[in-house]
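**Q** Each chain is listed here by its residues.
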Amino acid sequence: MKICYFAWVREKVGRSEDVLDVPGHVVTVGDLMQWLKTQGAEYEAAFAQAKVIRAALDRAHVKHDAAIGSAREVAFFPPVTGG
Amino acid sequence: MKICYFAWVREKVGRSEDVLDVPGHVVTVGDLMQWLKTQGAEYEAAFAQAKVIRAALDRAHVKHDAAIGSAREVAFFPPVTGG
Amino acid sequence: MAVRVQEADFDIAAEMKLLTRGRTDIGAIATFTGLVRGGAEGGGIAEMTLEHYPGMTEDELARVEAEAQRRFDVQATLIIHRVGALKPGDNIVLVMAASRHRKAAFEAAEFLMDYLKTRAPFWKKEQKADGTAEWVDARESDTEAERRWSSGAR
Amino acid sequence: MAVRVQEADFDIAAEMKLLTRGRTDIGAIATFTGLVRGGAEGGGIAEMTLEHYPGMTEDELARVEAEAQRRFDVQATLIIHRVGALKPGDNIVLVMAASRHRKAAFEAAEFLMDYLKTRAPFWKKEQKADGTAEWVDARESDTEAERRWSSGAR
Numbered sequence: 001m002k003i004c005y006f007a008w009v010r011e012k013v014g015r016s017e018d019v020l021d022v023p024g025h026v027v028t029v030g031d032l033m034q035w036l037k038t039q040g041a042e043y044e045a046a047f048a049q050a051k052v053i054r055a056a057l058d059r060a061h062v063k064h065d066a067a068i069g070s071a072r073e074v075a076f077f078p079p080v081t082g083g
Numbered sequence: 001m002k003i004c005y006f007a008w009v010r011e012k013v014g015r016s017e018d019v020l021d022v023p024g025h026v027v028t029v030g031d032l033m034q035w036l037k038t039q040g041a042e043y044e045a046a047f048a049q050a051k052v053i054r055a056a057l058d059r060a061h062v063k064h065d066a067a068i069g070s071a072r073e074v075a076f077f078p079p080v081t082g083g
Numbered sequence: 001m002a003v004r005v006q007e008a009d010f011d012i013a014a015e016m017k018l019l020t021r022g023r024t025d026i027g028a029i030a031t032f033t034g035l036v037r038g039g040a041e042g043g044g045i046a047e048m049t050l051e052h053y054p055g056m057t058e059d060e061l062a063r064v065e066a067e068a069q070r071r072f073d074v075q076a077t078l079i080i081h082r083v084g085a086l087k088p089g090d091n092i093v094l095v096m097a098a099s100r101h102r103k104a105a106f107e108a109a110e111f112l113m114d115y116l117k118t119r120a121p122f123w124k125k126e127q128k129a130d131g132t133a134e135w136v137d138a139r140e141s142d143t144e145a146e147r148r149w150s151s152g153a154r
Numbered sequence: 001m002a003v004r005v006q007e008a009d010f011d012i013a014a015e016m017k018l019l020t021r022g023r024t025d026i027g028a029i030a031t032f033t034g035l036v037r038g039g040a041e042g043g044g045i046a047e048m049t050l051e052h053y054p055g056m057t058e059d060e061l062a063r064v065e066a067e068a069q070r071r072f073d074v075q076a077t078l079i080i081h082r083v084g085a086l087k088p089g090d091n092i093v094l095v096m097a098a099s100r101h102r103k104a105a106f107e108a109a110e111f112l113m114d115y116l117k118t119r120a121p122f123w124k125k126e127q128k129a130d131g132t133a134e135w136v137d138a139r140e141s142d143t144e145a146e147r148r149w150s151s152g153a154r
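Protein chains in written order, with the working numbering: chain H, 1 to 83; chain P, 1 to 83; chain L, 1 to 154; chain G, 1 to 154.
These are calculated hints, taken from the structure and not from any lab test.
Treat the hints with care, since some could be wrong.
Stated by the list, open to error - Here are the computed lysine-lysine pairs in the DSS-like style, where the Cα-Cα straight-line distance is at most 30 Å: (1) G:K87 with L:K17; (2) G:K103 with H:K37; (3) P:K12 with P:K51; (4) L:K17 with G:K128; (5) G:K17 with G:K103; (6) G:K103 with G:K128; (7) G:K87 with G:K125; (8) G:K125 with H:K2; (9) L:K103 with G:K87; (10) L:K87 with G:K87; (11) G:K17 with H:K63; (12) P:K63 with G:K103.
To be verified - Between beta-carbon pairs, the in silico distance windows are: (13) G:E140 with H:S16: 25 to 33 Å; (14) P:K51 with G:M1: 45 to 53 Å; (15) G:R100 with H:P23: 22 to 30 Å; (16) L:R23 with P:E42: 47 to 55 Å; (17) H:A48 with G:D11: 41 to 49 Å; (18) G:E140 with P:M1: 53 to 61 Å; (19) G:K87 with L:A14: 19 to 27 Å; (20) G:A62 with H:V52: 41 to 49 Å; (21) L:A13 with G:M1: 19 to 27 Å; (22) P:V52 with L:D130: 21 to 29 Å.
Since the structure is predicted, the reported quantities are computational estimates derived from the model, not experimental observations.
Ideal placement from N, C-alpha and C gives every residue a C-beta, glycine not left out.
All chains, full assembly: derive it from the sequences and hints.
**A** The structure is reproduced here in structure tokens:
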């Protein structure tokens, strides 16, 4: 699964994307963040305040309880600040 | 007293301004319109629907009951349609 | 803070550059441009003539602008209104409001237009394609639009 | 109906001409331009970097634009958003809405900005004059501004 990071999430993780094999018990976007936190200090730092992080599945906004299903691309980022 | 006309008021009166000696009983802007109506067929036509005509004294909007006082320029025109 | 009445067309990009030149405290600019519409088929408009009351127009626009500056947190405003003969598609009016934030910029631009529409002494005459000509009637919706600024509805 | 994400600056006059070219059914164009502010003295901003999510940005802006077209009586809309390194005074975003009448044009432009601010995946990082850098925090007022479009308050 391709996982993309943006803004300070990207900076804390230390890279802009990962391609990872995710265990079967990871069902929702929220589950994925919890699992990522166990994958190293950089992930732990990036997802420490998981509540404020926003997510997208295949480039559309979703809530943390959204099922990842067959999505090919998951993204994590802070609240947007364009405009 | 200088009296200016604009848009269809001007077209009906047939000129864009008059300089007229106005009798003493003409106190308000409304009085002036009533008196003008007696000054010829063109004025009668122009001020037939006096209620819809707007007025200005020395280039500031006023209501029909405004006293002309020492104003040097009175103007009559339809509701504005710029913008 | 500028008000202009002119026959010539205007360039919105040039006006915006002038308004912001040398300053970095402006974060938001809302603008409104009014154009001559061609009207319906058949009864289409060939030309529009804009008459105004020289002297009063400038005074009234300056009053409208001062009132916007008083009501809203805006750093700069601009009103340009054309007069004379115009064709469908031509620019008629440009209003611009610059502020730190977008809410004040939008509100000030809307306010400027609503007040201009009911207070500035301009009159439009439409020459139709069939040769007839008519003075444009004032719209009740414009009076309503102005009224909301005094009703406390916003 | 157009959406662009680009590093280059834009020219509002040229964009407006493109939007109205060959048509005479547009009577009103409302625009919004967002600019980089310099910030307070001392803590002033030297540079701003705009990051985005390529692919999703364009999709999201297109969704926002389609929603504006559905909600308001607009004939044409445009969104241009810059990315990359910008300086105080530089343009960030341009939104444009063209309609027959001014009310729909203003409402659509405000709607586009409110939705863009909360939905389009852009992130701003400010480089301060003192050498520090910070990601800009999202503003609660932006979320409130978006919410009014679903609350039926307007």
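**Q** For every hint, state whether the structure bears it out.
**A** Tested hints:
1. Between G:K87 and L:K17 the CA atoms are separated by roughly 15 Å; this keeps the pair inside 30 Å, and the hint holds.
2. This hinted pair does not check out: G:K103 and H:K37 have alpha carbons roughly 49 Å apart, beyond 30 Å.
3. Between the alpha carbons of P:K12 and P:K51 the distance comes to roughly 16 Å, so the proposed pair stays at or under 30 Å and holds.
4. For the proposed pair L:K17 and G:K128, the alpha carbon gap of about 25 Å is at most 30 Å, so the pair holds.
5. Restraint check: the Cα-Cα separation between G:K17 and G:K103 comes to about 21 Å, which is no more than 30 Å; the hinted pair holds.
6. At most 30 Å may separate the alpha-carbon atoms for a hinted pair to count; G:K103 and G:K128 exceed this at roughly 39 Å.
7. Distance check on the hinted pair: G:K87 and G:K125 sit about 12 Å apart at the alpha-carbon level, within 30 Å; holds.
8. This hinted pair checks out: G:K125 and H:K2 have alpha carbons roughly 25 Å apart, not beyond 30 Å.
9. Proximity of L:K103 to G:K87 is assessed by CA-CA distance (about 23 Å); at most 30 Å being required, the pair is judged to hold.
10. At roughly 40 Å between alpha-carbon atoms, L:K87 and G:K87 are farther apart than 30 Å, so this suggested pair is violated.
11. Our distance criterion of 30 Å between C-alpha atoms is broken by G:K17 and H:K63, whose separation comes to about 41 Å.
12. This hinted pair checks out: P:K63 and G:K103 have alpha carbons roughly 28 Å apart, not beyond 30 Å.
13. Here the CB-CB span from G:E140 to H:S16 is close to 28 Å, well matched to the stated 25 to 33 Å.
14. The supplied range of 45 to 53 Å is met by P:K51 and G:M1, whose beta-carbon atoms lie about 46 Å from each other.
15. In this structure the supplied range 22 to 30 Å is violated for G:R100 paired with H:P23, their Cβ-Cβ distance being about 57 Å.
16. Between L:R23 and P:E42 the Cβ separation comes to about 54 Å, which falls inside the hinted range of 47 to 55 Å.
17. A hinted range of 41 to 49 Å holds for the C-beta pair H:A48 and G:D11, which are about 44 Å apart.
18. Between G:E140 and P:M1, the C-beta spacing of about 60 Å keeps the proposed range 53 to 61 Å intact.
19. Judged by the Cβ atoms, the range 19 to 27 Å given for G:K87 and L:A14 holds: they are separated by roughly 20 Å.
20. A hinted range of 41 to 49 Å for the beta carbons of G:A62 and H:V52 is inconsistent with their spacing of about 27 Å.
21. At about 22 Å, the beta-carbon gap between L:A13 and G:M1 stays in the expected band of 19 to 27 Å.
22. Between P:V52 and L:D130, the C-beta spacing of about 26 Å keeps the proposed range 21 to 29 Å intact.
Consistency note: the structure conflicts with the earlier hints numbered 2, 6, 10, 11, 15 and 20.
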